[in-house]
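J.: Residue numbers (our numbering), protein chains in the order written: chain P, 1 to 138; chain B, 139 to 276; chain H, 277 to 414; chain C, 415 to 552; chain Y, 553 to 690; chain V, 691 to 828.
No lab work stands behind these hints: they were computed from the structure.
Among the hints, erroneous ones may be present.
Cut-off 25 Å, straight-line C-alpha distance, at most; resulting in silico cross-link-like pairs (PhoX-like, lysine-lysine) [as the list claims (entries may be wrong)]:
1. 66(P) / 127(P)
2. 403(H) / 817(V)
3. 127(P) / 265(B)
4. 342(H) / 403(H)
5. 618(Y) / 480(C)
6. 817(V) / 756(V)
On the chain B side, residues computed to face chain V include the following (Cβ under 7 Å) [as the list claims (entries may be wrong)]:
7. 154
8. 168
9. 194
Predicted, not measured: the structure shown is a model, and the values here were computed from it.
Positions of the beta carbon are idealized from the N, C-alpha and C atoms, including for glycine.
Protein chains: 6
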Amino acid sequence: MQEDQNRSKRKEQSRYERGWQRLLELDSQGGQPIVDGLQAIAPDLATAIIAFAFGDIYSRSGLDLKQRQLVTIACLVTLGDSEPQLEFHLGAALNVGLEPAEVVEALMNCVPFVGVPRVFNALGVAKRLFLSRDIQIP
Amino acid sequence: MQEDQNRSKRKEQSRYERGWQRLLELDSQGGQPIVDGLQAIAPDLATAIIAFAFGDIYSRSGLDLKQRQLVTIACLVTLGDSEPQLEFHLGAALNVGLEPAEVVEALMNCVPFVGVPRVFNALGVAKRLFLSRDIQIP
Amino acid sequence: MQEDQNRSKRKEQSRYERGWQRLLELDSQGGQPIVDGLQAIAPDLATAIIAFAFGDIYSRSGLDLKQRQLVTIACLVTLGDSEPQLEFHLGAALNVGLEPAEVVEALMNCVPFVGVPRVFNALGVAKRLFLSRDIQIP
Amino acid sequence: MQEDQNRSKRKEQSRYERGWQRLLELDSQGGQPIVDGLQAIAPDLATAIIAFAFGDIYSRSGLDLKQRQLVTIACLVTLGDSEPQLEFHLGAALNVGLEPAEVVEALMNCVPFVGVPRVFNALGVAKRLFLSRDIQIP
Amino acid sequence: MQEDQNRSKRKEQSRYERGWQRLLELDSQGGQPIVDGLQAIAPDLATAIIAFAFGDIYSRSGLDLKQRQLVTIACLVTLGDSEPQLEFHLGAALNVGLEPAEVVEALMNCVPFVGVPRVFNALGVAKRLFLSRDIQIP
Amino acid sequence: MQEDQNRSKRKEQSRYERGWQRLLELDSQGGQPIVDGLQAIAPDLATAIIAFAFGDIYSRSGLDLKQRQLVTIACLVTLGDSEPQLEFHLGAALNVGLEPAEVVEALMNCVPFVGVPRVFNALGVAKRLFLSRDIQIP
């Protein structure tokens with residue numbers, strides 16, 4: 001019984017660790033400020049989401065991280081009202097190798113489907129991010 | 139004056155024709171049934187959208203069509219209530235070279251960001267599309 | 277006490293009746309099938325909504341019914357997944373005097389703000405409505 | 415006629431007063447800052463909403479206030495972009511007897527249905543609220 | 553190494569089995585048709601969601617299943633375009649002990665926050681469900 | 691060939707210039723700060739949107755600018771998370787001749803369809819705008 005619980009804990013750690021590794025590939029600090037904020041109020045959720053979103057889903061082999069970031073950015077632009085997450089994932093998009101111009105192009109590609117306002121907001125977030133990294137656009 | 143109008147018309151045709159060419163790359167019939175439906179009630183809009191969405195945006199060089207389809211599919215999944223457009227763009231994703239497994243993977247990637255229901259609906263559309271093309275998944 | 281309750285009931289009837297009158301201006305059957313559907317499962321809600329939405333809000337004098345229908349249609353297009361309500365309010369728009377071409381124009385006006393898919397769906401609803409009324413468009 | 419108007423006014427007051435009482439049960443100041451903000455620009459709407467939302471709906475007997483707050487919080491989390499309302503209703507949830515841990519649990523329960531970003535934002539609002547009330551979580 | 557993989561597999565089964573048990577409490581067939589539909593196109597996702605949504609989240613002790621169903625229903629109503637999921641979770645709400653009148657009351661409670669159209673659609677789903685179970689409402 | 695490109699460029703300028711003229715009717719500075727923000731990160735998009743949204747759509751004759759602003763405001767309120775665009779278009783609504791009371795009335799008209807929170811936020815934006823223009827409301 002005790003042994004079983006130990007095994008379960010190890011397995012959880014394995015999903016979590018795989019997710020955490022993936023997060024570190026997206027962002028050298030693994031989105032630590034976001035995770036810390038979540039830890040302070042819902043620590044189990046922080047753990048479960050890292051294991052599920054990044055350990056189960058993002059660690060799969062079917063798409064590379066550049067492709068995943070295109071998908072994720074489009075989700076967040078369309079959803080709206082997700083500025084901190086969008087900022088994190090736009091930064092991650094650059095970190096995994098998408099060019100700034102590709103990121104801008106992906107945002108532009110959303111206009112016909114979700115309208116101008118959602119994309120304007122997202123371009124504002126991208127602009128601040130690029131400035132903070134001394135990226136010249138266009 | 140007459141000459142100016144002729145030039146304007148040609149230019150419009152040029153954006154429209156570029157857009158229509160792009161549509162034909164996405165779908166061998168250029169989404170004709172959707173376009174026809176639109177022509178019947180708002181023909182100017184059909185023309186303007188083909189010129190803008192596919193002539194201005196989709197024809198840009200910054201992303202290839204496989205990347206664009208990842209972005210577009212994620213927009214439509216997140217938006218919800220877009221079944222005919224989603225079906226068209228899932229088919230287009232296959233037509234421009236994304237593997238069926240990559241399409242499914244892209245839909246799965248949306249779950250942490252937009253929740254299960256939107257993705258379930260989209261997977262149902264994908265399943266019907268794959269069946270209609272005799273694609274075995276998984 | 278009994279008298280007070282009678283007065284209250286009369287007042288409720290007055291808001292409800294004002295709302296019902298407004299509904300009859302929008303649609304000669306007052307959206308009866310929708311109301312009936314609601315009556316069968318949540319009769320108090322049917323009453324409360326007619327009194328609030330149509331008695332309190334729609335009966336105010338600040339905008340005429342043509343202006344209100346432009347606002348309402350834009351809300352429903354943007355919201356998505358509201359086909360029965362959209363069909364009712366597109367019909368009401370015609371009933372209160374908006375031209376079919378104005379209705380189509382209003383839907384087109386939504387494209388830059390909410391994207392193409394929401395408007396395509398709405399134009400499909402409008403097309404069916406126009407067909408059912410033998411309206412030639414465009 | 416004059417008498418009728420007096421009766422109508424009393425009845426309106428009765429729905430409004432019932433709603434205002436309900437608001438005072440949710441929040442000892444009845445959301446006064448929100449109501450004041452609304453009074454300054456659309457006073458009739460402030461009155462109509464208190465009468466409808468809190469007098470007609472929230473005062474019904476079918477669910478207790480703890481159940482209603484679970485429903486309302488989930489609506490606001492899913493809707494997004496509703497921070498002042500969410501803050502008010504999270505506070506009201508505590509005021510009517512939900513434990514802080516239950517509130518956090520309710521927010522966590524939304525993740526599979528609406529995705530992580532909406533819930534992260536809501537947990538941030540909850541964290542600020544808990545801090546302002548010296549509530550230790552978890 | 554082989555042993556470690558066996559342990560991992562057991563642990564995954566434990567989260568999945570806990571989730572599946574939870575699903576069976578919500579619905580005597582565990583939503584089998586929905587799960588089957590998902591299995592046919594994205595089997596790993598079916599497994600991961602049952603483990604995460606029902607094993608990690610829904611199996612927590614902080615809220616009982618009646619409370620969880622109130623939260624979940626409100627999420628789905630607000631989200632819109634989620635009819636199969638809404639039908640499943642309305643049925644589950646009854647299965648775990650919410651009265652039909654409480655379910656209707658919860659839907660009514662959403663009106664001030666998400667508007668009438670979303671709630672009308674949801675009441676239509678509820679009505680069909682109640683009819684299929686020979687439930688008289690109101 | 692060179693001549694054709696010159697013609698194309700002129701035609702583009704014509705759609706753009708028509709759009710820019712329309713923008714100047716909506717706002718004496720043509721939304722210059724918003725346009726500038728966009729120019730800095732996606733200049734082609736700024737051009738394409740002015741040509742499409744304001745040159746192709748907003749310049750059509752089927753609705754006058756007061757009607758268009760009613761539609762646009764309702765789109766933005768319903769969409770949520772569009773504060774800068776909403777502020778611009780509420781100001782434009784006044785600029786093209788809608789009365790402040792009509793603008794408030796239009797926002798109130800959205801409540802039954804999109805719920806209270808979206809409208810509260812929009813009324814807050816309207817209140818700040820009215821203050822900045824020394825408009826007394828109500």
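J.: Run every hint past the structure and note whether it holds.
T.: Do the hints match the structure? See the list:
1. The suggested pairing of residue 66(P) with residue 127(P) holds, with an alpha-carbon distance near 20 Å, which does not exceed 25 Å.
2. Between the alpha carbons of residue 403(H) and residue 817(V) the distance comes to roughly 39 Å, so the proposed pair goes past 25 Å and is violated.
3. Between residue 127(P) and residue 265(B) the alpha-carbon distance is near 39 Å, which puts this suggested pair outside the 25 Å criterion.
4. For the given pair, residue 342(H) sits about 20 Å from residue 403(H) by alpha-carbon distance, which is consistent with the 25 Å threshold.
5. About 12 Å separates the Cα atoms of residue 618(Y) and residue 480(C), which keeps this hinted pair within 25 Å; it holds.
6. Distance hint between residue 817(V) and residue 756(V) is fulfilled; the C-alpha atoms sit about 20 Å from each other, no more than 25 Å.
7. The interface hint given for residue 154(B) is broken, as the beta carbon of that residue sits about 12 Å from the closest beta carbon of chain V, more than 7 Å.
8. For the restraint placing residue 168(B) at the interface with chain V, the shortest Cβ-Cβ distance is roughly 20 Å, beyond the 7 Å limit, so the hint is violated.
9. Using the Cβ-Cβ criterion of 7 Å, the hint placing residue 194(B) at the interface with chain V is satisfied: the shortest such distance is roughly 5 Å.
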